Each structure stands twice: as structure tokens, then as C-alpha cells.
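First to last, the sequence lines map onto chains A and B. If you use our numbering, the first sequence corresponds to residues 1 to 354, in order. If you use our numbering, the second sequence corresponds to residues 1 to 354, in order.
Calculated from the structure, these hints are not laboratory results. As the structure is a prediction and not an experimental result, all values here were calculated from the model. Cβ coordinates follow ideal geometry from the N, Cα and C atoms, glycine included. Among the hints, erroneous ones may be present.
Interface residues of chain A toward chain B, partial, derived using beta-carbon atoms under 7 Å [claimed, not checked]:
| id | residue |
| --- | --- |
| 1 | 302 |
| 2 | 304 |
| 3 | 320 |
| 4 | 339 |
| 5 | 354 |
Straight line, CA to CA, 25 Å or less: simulated DSS-like cross-link-like pairs of lysine-lysine [as the list claims (entries may be wrong)]:
| id | chain 1 | residue 1 | chain 2 | residue 2 |
| --- | --- | --- | --- | --- |
| 6 | B | 131 | B | 170 |
| 7 | B | 349 | A | 303 |
| 8 | A | 124 | A | 149 |
| 9 | A | 289 | A | 318 |
| 10 | A | 341 | B | 65 |
| 11 | B | 318 | A | 303 |
| 12 | A | 303 | B | 183 |
| 13 | A | 67 | A | 249 |
| 14 | A | 318 | B | 341 |
| 15 | B | 318 | A | 318 |
| 16 | A | 318 | A | 65 |
| 17 | B | 341 | B | 318 |
| 18 | A | 341 | B | 318 |
| 19 | A | 319 | B | 131 |
| 20 | A | 318 | B | 303 |
| 21 | A | 289 | A | 341 |
| 22 | A | 319 | B | 262 |
| 23 | A | 341 | B | 303 |
| 24 | A | 319 | B | 319 |
| 25 | A | 67 | A | 237 |
| 26 | B | 303 | A | 319 |
| 27 | B | 183 | B | 262 |
| 28 | A | 183 | A | 341 |
| 29 | B | 289 | B | 262 |
| 30 | B | 341 | A | 290 |
| 31 | A | 172 | A | 262 |
| 32 | A | 303 | A | 341 |
| 33 | A | 319 | B | 170 |
There are 2 protein chains.
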Amino acid sequence: MATNHNHLVIMAGGIGSRFWPMSTTEFPKQFIDVMGCGRTFLQLTFDRFEGVVPPENVWIVTSQKYKDIVREQLPEVPETNVLLEPCRRNTAPCIAYVAWRIKMADRNANLVVTPSDHFIVNQKHFQEVIKQALTFTSQSDAIVTLGMKPSRPETGYGYIQADMSSPSLKNKNMFRVDSFKEKPNLETAKEYIRHDDFFWNSGIFIWSVSTIVNAMRIYAPEINNIFENMQQVLGTKDEQEWIDREFPKCPSISVDYAILEKAEEIFVLPADFGWSDVGTWGSLIQLMKKDANGNAVVGPNVKLFETTNCIVHTAMEKKVVVQGLDNCIVAENNDTLLICKLSEEQRIKQFSED
Amino acid sequence: MATNHNHLVIMAGGIGSRFWPMSTTEFPKQFIDVMGCGRTFLQLTFDRFEGVVPPENVWIVTSQKYKDIVREQLPEVPETNVLLEPCRRNTAPCIAYVAWRIKMADRNANLVVTPSDHFIVNQKHFQEVIKQALTFTSQSDAIVTLGMKPSRPETGYGYIQADMSSPSLKNKNMFRVDSFKEKPNLETAKEYIRHDDFFWNSGIFIWSVSTIVNAMRIYAPEINNIFENMQQVLGTKDEQEWIDREFPKCPSISVDYAILEKAEEIFVLPADFGWSDVGTWGSLIQLMKKDANGNAVVGPNVKLFETTNCIVHTAMEKKVVVQGLDNCIVAENNDTLLICKLSEEQRIKQFSED
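Chain A extracted, bound-state conformation (with noise of 0.2 Å):
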């Protein structure tokens, strides 16, 4: 396998409201330090790669409101590498967008696509098992979805099913798909996790340049001829001004839906290396150290007092005390503050519109 035909999609294009107000749509979830580590989402995705592909081979889709952004988070990202979708399309135009540009630059590539936003717990783990997708990716037309062994009957993620009783012949780790299913209810989850041919859909996919646009062209023409059309633009200083105009002509649809749901040859790799879509504050307070109380911290002078099982995150904040509180969230940024109890916390999104 050529190291240099290995390419990486991060899709960073999502706006995190569900953490506002340390997420906003100026300045979402991925581009934050989240876990106070010192390395933002965005960053943190981009370090998870080092030596299974090199800078030059790593594209970062995004809105255009954040190219500054990812600009100054990663540098060693080529800047003809940062691709701007002027409109939110979900993930399907999104990948057939980045498809044909890294195919008009290398019709060989290999590409890992992933969120920018999900926190991964074992990198050595986690490179071993994408290498294998890799590899199986280069030598077939396979599309291949990591499958997490679920820890907990959860409701928040969705869900693949494996047909168990033929793994691949190439790779006896490899599972073909036998569904994908959405969000279940805690009923249906628990069930899931009886078995043990279900996994969660982590959301990161390994194929190849070929399969996809192969893939686009079969169950997604009117998103793939729109990139199609435009293949003599992209990489050219005209690319832009094309996809300004064109790209919101795509419907706004999922890859799951779009292309991996009908796909045949797809295929899941279970793994284990501990993951977590981040997609709540108690996911998040799970990931991060807590102090003897249950409590995570991140803020410069952040002092607490008879608080037990809170999070804080407040690094705009000069200095934090908090006393008596249990089960909350407290989160400060750009003059904006929000103190909820945890359990309320999929109201965010409407305390941060009212």
C-alpha cells in the first residue's frame, strides 16, 4: 500500500448547537478545545492520522465562514486543500464534492472520510484498524463503515447491523452490512445490544476515490452530475466561483441515505478503540478527568465548592466559583452564560433561539 495514495476527508462543516453557548455558530464545537487538552476537535481528528496520511493528502470540508478557522488551526493543511460549501447540504454533496476534487488530483486515492467532532480513546487501536480498511479498500470496490461494539443500550446513535456468518474473504474481520437502522428507542436499543451482530455507526468510512464516484453515479446522479460537470474547474482558480453557484442546486441529503443504505458491496469492521460522537454534555463529561466529586472542569481559574457531578467549561472567564450546585451544567462563552441541570439538556437549542 503507497502511503501517498491515502487521502483524509474531515467534514467540518457542522454548527454544534447542542453546546451553545461554548458552541456557536460562529464558533462551533469542532474548532474549540472542548476537553481543555490544548488541541481543539478539528485538531485533535487531523493528530489521529499522523503517518497514516501526510498533510498534503488531507482535505477539510467546511463552510466558508470557517476557512480562517481551519486555516489557523491547521496550517500544515494545503489552503488549496480547504474546500468551502457556501451553503449547508448535509453529507452527500458534501463527500461528492470532495470525491471529484481529490480524483482530478489523484485517480488512485484512498479515502478515510470522517466527522471533525467525534473523540476517539485509543489512536495506536484506532490507526491498526483503519490501515486494514485501507488496504481493503485499495485492492476492491468495497465501502467499508467502522462499527463501535456498543457498551450501552444507547438511544442517541444508530445503529449497523453485520451478517455474522460470512466474513469477507480478504479480510476475516470484515462483515457485510446486512442493515443500517436509525436512532432506536431505549426498548429496541436494549434488544440491539443482546446481539452481538449490531454496532453503532461511528460515521467514519473508508473506500476509494473509484467506488465512490462509482457509487454517486449509480444512487445519487443529480448530486453526482453537478460535480461531474464540473470537473475541469476544480483545482483551477475558477472552482470556487463554480461551486458558489452550483453546489446549492444539491438536495440536502445523508451519505447513509443517499448511497450507503442502497449500496452492495458495503462492508462494517467492527472495532474497539473507544468512541464517542461527543454528541451531548454527558457524553462529554464521561470523556473527560473528573475531579473526586464527579466534576469536569475546564476554565483558567475555575474553583468549586460543594459541587458534585457538574461540568464547567468556562475559558472565556477570567475567574469561575461555584458552590452548592449538583448535576449541572455551567457554561460560559462570548458574554454568554448557561447554567442547566444536566438532565434538561436537550433543551439547549431552544434556551440558546429564545
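Since the structure of chain A is already known, use the hints to place chain B on it.
Just chain B now, kept in the frame of chain A:
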């Protein structure tokens, strides 16, 4: 009574440490619009004397570092009437200084001395009481204290016991002071309010400038001598230089200890105009307008959900959302945030120092 001999002395040198972080050493409580009414405590104190004391007879004694704040908040007061202490020496040196300064300007001056950070409900009644007291002290060498009719066994205030058997012949509402009582414990406070001769000590005094100077000469000569020796420079360009050198030599002592407890001709004028020294968040919340859930809020954009009996003072934040709190203080100022139970507010000074 010639109006133009009425003078007002506002003592505005405190640091308001119990209201951190709303109040800070750099910008203490008396300079803040604590109630969210559009005027600071200092301005409200000034406003309260409209029609009784002309602005050119208003004197502010404060710390040098608050000079610009005072000038900005009370531009009506002449710059030469803002006296600047180089260090804090409690109230006796403060009053001796301003008394000598006023004496040089108006030897028939009749003074009201008041803190800058108290709250008074009924301004009309307050002015009637003040006018009675000024009339009384313009015709005698008496010192008049305003005694508040107690509404509860408050342990945070000092008390004045009056000799109710002998009202003044000049004004039957005035009674001689029997004794001053320090802040009592609850049991003692309950005993006090069972009798009708105990009053809260408001810290507001009325006396003529000659009465003050004579009392200082008799009871606090070590303080008086410093300013009496300085007579010729008071009101000249050399005043500040002398004050900076001599004022620190004063002992730090309250006017209560130095003068009032020793004075012979001292009266209390009982009053009931609604008064609070606003010494605690708990007393502040009692004074403020509250919503149906008992919350008092100051801030440009504060939204509360399932929140009860809280005080939220977040004037610097652009937006605040609080959900699920009860009986808490949420105070933000100058990039510093405090969240704590109202019941723990006596620990705020410790919180601010930690």
C-alpha cells in the same frame, strides 16, 4: 433655616467585598446600579437630597482611586467638593477631614453625614425627617442620629436604645440616646424588638459643623489636631499634598466609637421611611422587584426556567440562561462569575480571595 447652610457629606470609600464579583475593589458597590434602576447607589444617595441640599453643598469623601468614577457619576458636584483619602482610616478621620474642610468654606454649615450604599424606600418621608433634624441641629449643639423602627430581630445591624421618658423640648419626636448597642446575637435581638425604645442605627447623622469640630476637639484630639493644624491649606492647591502626608497618621476608628458613644448632647430621631444598609445579597433580594417565582434579576438579557428565589446580577453578560436553580446567587462582572447558595453568602469574601 437658610437652605444654603445645609450640606451633605456622602462617605463613598468602602470596597463592598461582600458583593463580589458584582462589587470589586476597583469598582465597589456604591458605584454600581445594583438594583438595575438606571442609577448607582451613589447617585441614588445624591438624588435623595434634591431640594434639601444644593449640589454645590454636596461633599463626597472617597478613595483617590475612585475620583474619576465619582466625577463621572456626579458631575453636578463641584470637583473641589470631592475629597480624596490616601488610605482607609474608618469614619472618624473621614468626618473630621470633611468637617474642617466645610468649616473653612461655611462656618454656619449644618451637615447630614450618610453612607453611600444604603437604600431608602420612601424619599418623601425621608426628606421630612432630614428637614426636622436639620432644623433641630441648626438651633442647638446636638448630634442627631436617625433610628429605624425595627421590623425584625436583625443581627446584622447595631441598635440605639433611646430614653423615651424625656423627649426634647424643642422637638417632641427627638429622644436622648441612652446607649449604642453592637450587633446582637439573635436572642438579644429578639429581646430588643420586644421593647419600643430600641432602634436600628442607620449610620446617618445630622449635626452642625461647629458641633462636630467641638466634639472632635474634646473626644478625638489626636485626630482633630491633624486637621486643625492644616486649616490654612484646606481649600488651597496644597491641600491634597498635606492630606496625603498627614491623613495616614490618623488612627483607624469609627465615628461611633470616637465620638457618638461619648457625646453628651446626642439624640435619636425615630423614623420609618423604609431603610436597608444592603449589606448582604439576602437583603438586596428583599428590596428588589421580583418575578412570580421570587427571582430578582439585573442584566440585559436574562432568561430563567424552573428557577426560584434566586438573585441574578449579570450586567456584563450579553445573554444569560439559568435553568433549575433555587435560592442561589448568580453574579457576573468583569469576566468573573460566582454561583452560590444564598445561605452561604457569608463565605463570598473567602471565595473572592481563594
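Next on the checklist: Output the indices of the hints that this structure fails to meet, ascending.
Outcome noted: Hints 1, 2, 10, 12, 16, 19, 22, 29 and 33 not satisfied by this model.
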